[in-house]
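**Q** The residues making up each chain are set out below.
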Amino acid sequence: MHLVALTVVVALFAFVTVLGFVAARWRRGDLDLLHEWGLAGGRFGTVVTWFLLGGDLYTAYTFIAVPALVFSAGAIGFFAVPYTIIVYPLVFVLMPRLWSVSRAHGYVTPADFVRGRYGSSTLALAVAVAGILATMPYIALQLVGIQVVIAGLGITGTGFMGDLPLIIAFVILAAYTYSSGLRAPAMIALVKDALIFIAVIAAITIIPARLGGYGHIFAAVPTARLLPAPKQYAAYATLALGSALALFLYPHSITGVLSSSGRDVIKRNAAFLPAYSILLGLIALLGFMAVAAGIKPDAVYGAQWAVPALFNMMFPQWFAGVAFAAIAIGALVPAAIMSIATANLFTRNIYREYFRPNATPRQEARVAKAASLVVKFGALAFILALQNARQEAINFQLLGGVWILQTFPAVIFGLYTRWFHRWALLAGWVVGMVSGTAMAASQHFTAIYPLHVGSLAIAGYSAFFALIGNIAVTVLLTLVLDAVGVARGTDETIAADYTGAHVSVLDVARDTERTQSRTGTVTA
Amino acid sequence: MDVRHGSDVKPPRPARWRRLALLLLLIPFVGTLWVASYASLTPRLWGIPFFYWYQLLWIVISAGITIIVYAVDRS
Chain A
674 MHLVALTVVV
684 ALFAFVTVLG
694 FVAARWRRGD
704 LDLLHEWGLA
714 GGRFGTVVTW
724 FLLGGDLYTA
734 YTFIAVPALV
744 FSAGAIGFFA
754 VPYTIIVYPL
764 VFVLMPRLWS
774 VSRAHGYVTP
784 ADFVRGRYGS
794 STLALAVAVA
804 GILATMPYIA
814 LQLVGIQVVI
824 AGLGITGTGF
834 MGDLPLIIAF
844 VILAAYTYSS
854 GLRAPAMIAL
864 VKDALIFIAV
874 IAAITIIPAR
884 LGGYGHIFAA
894 VPTARLLPAP
904 KQYAAYATLA
914 LGSALALFLY
924 PHSITGVLSS
934 SGRDVIKRNA
944 AFLPAYSILL
954 GLIALLGFMA
964 VAAGIKPDAV
974 YGAQWAVPAL
984 FNMMFPQWFA
994 GVAFAAIAIG
1004 ALVPAAIMSI
1014 ATANLFTRNI
1024 YREYFRPNAT
1034 PRQEARVAKA
1044 ASLVVKFGAL
1054 AFILALQNAR
1064 QEAINFQLLG
1074 GVWILQTFPA
1084 VIFGLYTRWF
1094 HRWALLAGWV
1104 VGMVSGTAMA
1114 ASQHFTAIYP
1124 LHVGSLAIAG
1134 YSAFFALIGN
1144 IAVTVLLTLV
1154 LDAVGVARGT
1164 DETIAADYTG
1174 AHVSVLDVAR
1184 DTERTQSRTG
1194 TVTA
Chain B
-19 MDVRHGSDVK
-9 PPRPARWRRL
1 ALLLLLIPFV
11 GTLWVASYAS
21 LTPRLWGIPF
31 FYWYQLLWIV
41 ISAGITIIVY
51 AVDRS
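Chains as they are written, first to last, in my numbering: chain A, 674 to 1197; chain B, -19 to 55.
What the hints contain is simulated information worked out from the structure, not anything from laboratory work.
No residue lacks a Cβ here, since even glycine has one placed at the ideal position from N, Cα and C.
Hints are supplied without guarantee of correctness; some may be wrong.
Part of the chain A face toward chain B, derived, beta carbon under 10 angstroms [unchecked claim]:
no., residue
1, Thr896
2, Leu914
3, Arg941
Computed footprint of chain A on chain B, listed as stretches where at least three residues anywhere in the stretch have a Cβ under 8 angstroms from a Cβ of chain A [what the hints assert, rightly or not]:
no., stretch
4, 5 to 19
5, 22 to 31
6, 34 to 42
Next comes chain B alone, as it looks inside the complex (with noise of 0.2 angstroms):
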C-alpha cells in the first residue's frame, strides 16, 4: 500500500521557532481551566458577571493565539 518516492520528502523545517510557537497554544488551557481564577460576579460588562463575558472573551483570544500559530506554522 506505502508508495514513496525518496526524492518527496522534504526536510524537516526549522523547527525550533515552531516548537515554541506551539507552546502558544497551552495558554487557553490555563486561562479557562484555572475557575477559581475568574469566579466572580465583578467586574461586570454590560451587565453581564465577570464570570461569563470573561470566558466569552477567551474564545476570541484563544482564536488568536491559533492564527498566529498557524501563521508561524506556515513560514
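Next comes chain A alone, as it looks inside the complex (with noise of 0.2 angstroms):
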C-alpha cells in the first residue's frame, strides 16, 4: 500500500466531501422543490458553468477510458479529440434553443420537452427510457475510474473488504448528493477542474522530459499504431462524429445546460470548454507515454491500468496521490450529476406522468432524492456482481451512446421543426434501438460495426448507423402517417420560446415574488 499517496487522496476526499454538504447553503433554495435540487434553481453564471460542465462532461471516460484506448490500440482512440472539438459548434447553435424553451415551460428534463412539442406522453417516456438506460453504464464507468485509482494505490484485496473502499466513497456521495443535489457536484467540480489542471500540465511536462522528449516516445510505438489505417478513416470520423452528437443528449450534459442562467452564458461556454478538449488531446497522449514507459497491461483491469501505472512510475508517492484523487474526484462528479439527471427523469417522465399525475414539487423532489440513490447503488451493484466489467465498461458506455443518439430526432429535430409525426418518430425509435443493439451485441458489444453494402463494407460506430435507419422510417412513416391522417397531437411551444424572445415563466414568478415583497401587494 502506498501509505504517503493514500493520505494525500483520503485528505482531498475529506475535503470535497465536507463541500458536498456544505453546498446546500451556497445560492440557497428551497432544495425541497424539484428545480433547485436537481438544476440547482437555473441560476449559474458562465463561470460556474464552465467548472460544472468541464466537470460533467470530462469523467473517468477522458481520464482513464480514452488513454487506454490510445494505450492498447493507437491512433483511432484518439477519436476523442475531433470528438470534442465539433460537439462545441453543435452546443453553440442547439442548446440555447433548449434552455430557451425549457426555461418558458419549466421543462426539466429533455423528455419534458418532447411531451410539450408533440403532445405524446408515449415518445417521452421512450426518450427517458432511453437516458435512463444510457446512463447507467456510464455511471458504471465512473466506478470502473474509482476502482483503479484504489487499485493505483496499491489496495488490491479481494472480496468485501477489497471493495470496500469503493462502498465507502459511494455511500459518501449518495449522501451528499442526497442533501445537496446539483449544488454539491457544481461546488465540488471547482476543486476537480483545478486538481485536474495540475494532475495533467505536470503529467505532459516531467513524463516526457523523463522519457526523452517527444520524439522519443512516438519512435517507441510501432508505426502500424500511430495512424488509422484508410479502412478505418469511416470509423473515426464515426465515432468522432456519433459521440458529438450523443453528448448533449445525455441527462446529464442538459441538467448541466438547463442549470446555467441564460443563452449567453451556454454560448460564452461553447467557446470556453475547449480548453478542457486540450487537456483531453494531452490526456490521450499519456497511453503513447505508458507505451514508452514499458509499461503492460494489468491481468484485472486490462489497458484501463496504463494512466495510474504511468503516475506511480513516474511521480513521487505524494503527487501521484494528487493525481489519484483528480482521477477519482474526476469520476465522482459526473456520477453525481448523471444520477441527479435520470432521477429527474425517472421523477418527471415515469412517476409523475404514470403514477401521480397530481404530483406537487415537494412529492417530485423527495421521489428524485430516492431514485438518485436506486440509481447509484444499481450501478455499484451491477459492477461489484460483473467482475470482468472492468475492462468492459468502455464498452458499455459506447453501448450507451448507441441508445441515447436514438433520442435525436426527437429532442434535436423537434427544436427546429414539427415536420416529424410523434408516431414515427416512436418508430424510429424503437428501429434504432433494436438494430443499434443488435449490431452491438453482433460484435461482442464493441462500438465498431462492419456495415455492408452491396459487396463494400463500411466499419464504422454502430450508433451512427442506428440513427440513419432511425431517421430513414421517422421520415417515411411521417410520410405515411400524415397522408392516412393520424392525429398528430398537440404542441405547446410557439416559435418564440427557443429565441429567448421572452419572459419566461420562472422569471416571471420570480418578479412578482420581488414585486410583492417590495410593495407588500399581492398582484394577479
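Mind docking these for me? Both chains are given alone in their own frames, and the hints should help you get the complex.
**A** Structure representation (C-alpha cells):
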C-alpha cells in the first residue's frame, strides 16, 4: 500500500465531502423543490457553468478510458479529440434553443420538452427510458475509474474488503447528493478541475522529459499504430461525429445546460469549454507515454491500468496521490450529476406521468432524491456483481451512446421543426434502439460495426448506422401517417419560445415575488 | 403556463450576418472529419506526428471560430 499517496487521496476526498454538504447553503434555494434540488434553480453564471460542465463532461472516460484505448489500440483512440472539437459548435447552435424553450415552459428534462412539443407522453417515455438506460453504464464506467485509482494506491484486497473503499466512497457521494442536489457536484467541480489541470500540466511536462522527449515517445510506438489505416477512416469519423451528436442528449449534459442562467452563458461556454478538450488531447497522449515507459496491461484492469501505472512510475508518491485524487473526484462529480439527471427523468416522465399526475413539487423532489440513491446503488451492484466489467465498462459506455443517440430526431429535430410525426419518431426510435443494440451485440459489444452495402463493407460506429435507420424510418412513416391522417397531438410551444424572445415562467415568478416583497401587495 | 407580453417580443435582429456567421461553425467539421486529409506522420512538430498536432491545433482554431461567431452574434 502506498501510504503517502493514500493519505493525500483521503485528505482531498474528506475536503470535497465537506464541500458537498456545505454546498446545500450555496445560492440558497428550497431544496425540497425539484428545480432547486435537480437544477440548482437554474441560476449558474458563466464561470460556475464552465466548471460544472467541464466537471460533468470530462469524466473517467477522459482520464482512464481514452488513454487506455490509445495505449492498447493506438491512433483510433484519438477520435475523442475531433469528438470534443465538433461538439461545441453543436452546443453553440442547439443548446440555447433547448434552454429557452425549457425555461419558458418549466421543463426539467429533455423528455419534458418532447412531451410538450409533440403532445405525446409515450414518446416522452421513450426518450426518458433511453436516457436512463444509456446513463447506467456511464455511471458504471465512473466506478471503474475509481476502482482503478484504488488499485493504483496499492489496495488490492479481494472480496468484500477489496470492494470496501469503493463502497465507502459511494455511500458518501450518495449522502451529499441526496442532501445538496446539483449544488454539491457544482461546488466540488471547482476542486476537481483545479486538481486535473495541475495533474495534467505536471504530467505533460515531467513525463516526456523523463522519457527523452516526444520524439522518443512516438518512436517507441509501432508505426502501424500511429495512424489509422485507410479502412479505419470511416470508423474514426463516425465515432467522433456519433459521439458528438450523442453527448448533449445525455441527461447529465442537459442538466448542466438547464442549470445555467441564460443563453449567453451557454454560448460563452461553447467557446471556452474547449480548454478541457486540450486537456483531453494531452491525456490521450499519456497512452503512448505508457507504451514508451514499457508498461504492460494489467491482469485485472487490462489497458485501463496504463495511466495509474504511469503515474506511479513517474511521480513522487505525494504527487501521484494528487493525480489519483483528481481522477477519483473527477469520476465522482459526473456520477453525481448523472444520478441526479436520471432521477429527474424518472420523477418527471415516469413517476409523475404514470403514477402521480398531481404530484406537488415537494413530492417530486422527494421521489427524485430516492431515485438518485437507487440509480447509484444499482450501478454499484452492477460493477460489484460483474467483476470482469472492469475491462468491459468502456464498451458498455459506447453502447450507452448507441441508445442515447436514438433520441436525436425527437429532441434535436424537434428544436427546429414539427414536421416529424410523433408516432413516426417513436417507430424510428424503436428501430434505432433494436438495430443499434443488435449491431453492438453481434460485435461482442464493441463500438465498430462492419456495415455491408452491396459488396462494400464500411466499418463505422454502430450508433451512427442505427441513427441513419432511425431517421429513414421516421421520415417515411411521417409521410405515411400524414397521408392516412393520424392525429399529430398538440404542440404547446410557439416559435418565440426557442429564441428567448419572451419572459419565462420562472423569471415572472421571481419578479412577482420581488414586487410583492417590495410593495407588500399581491398582483394577479 | 405561458406568460407572454406582446411588448416584450423583440423584433428579430438583422439576421443575414448572423446566418452567414453560423456557417463558419461548419468549418471544424470539415477540418476534423475528413480523416484522409490529415492521416500522415509528417511534418512532425517537436517530434509529434502531424496526425496528432494537427488535431490538437484544431481545438484552438475551432474555439477561435466559436468566439468570432459569438462576437458577430452579439453585435
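**Q** List in ascending order the numbers of the hints, as given earlier, that are violated by the structure.
**A** none
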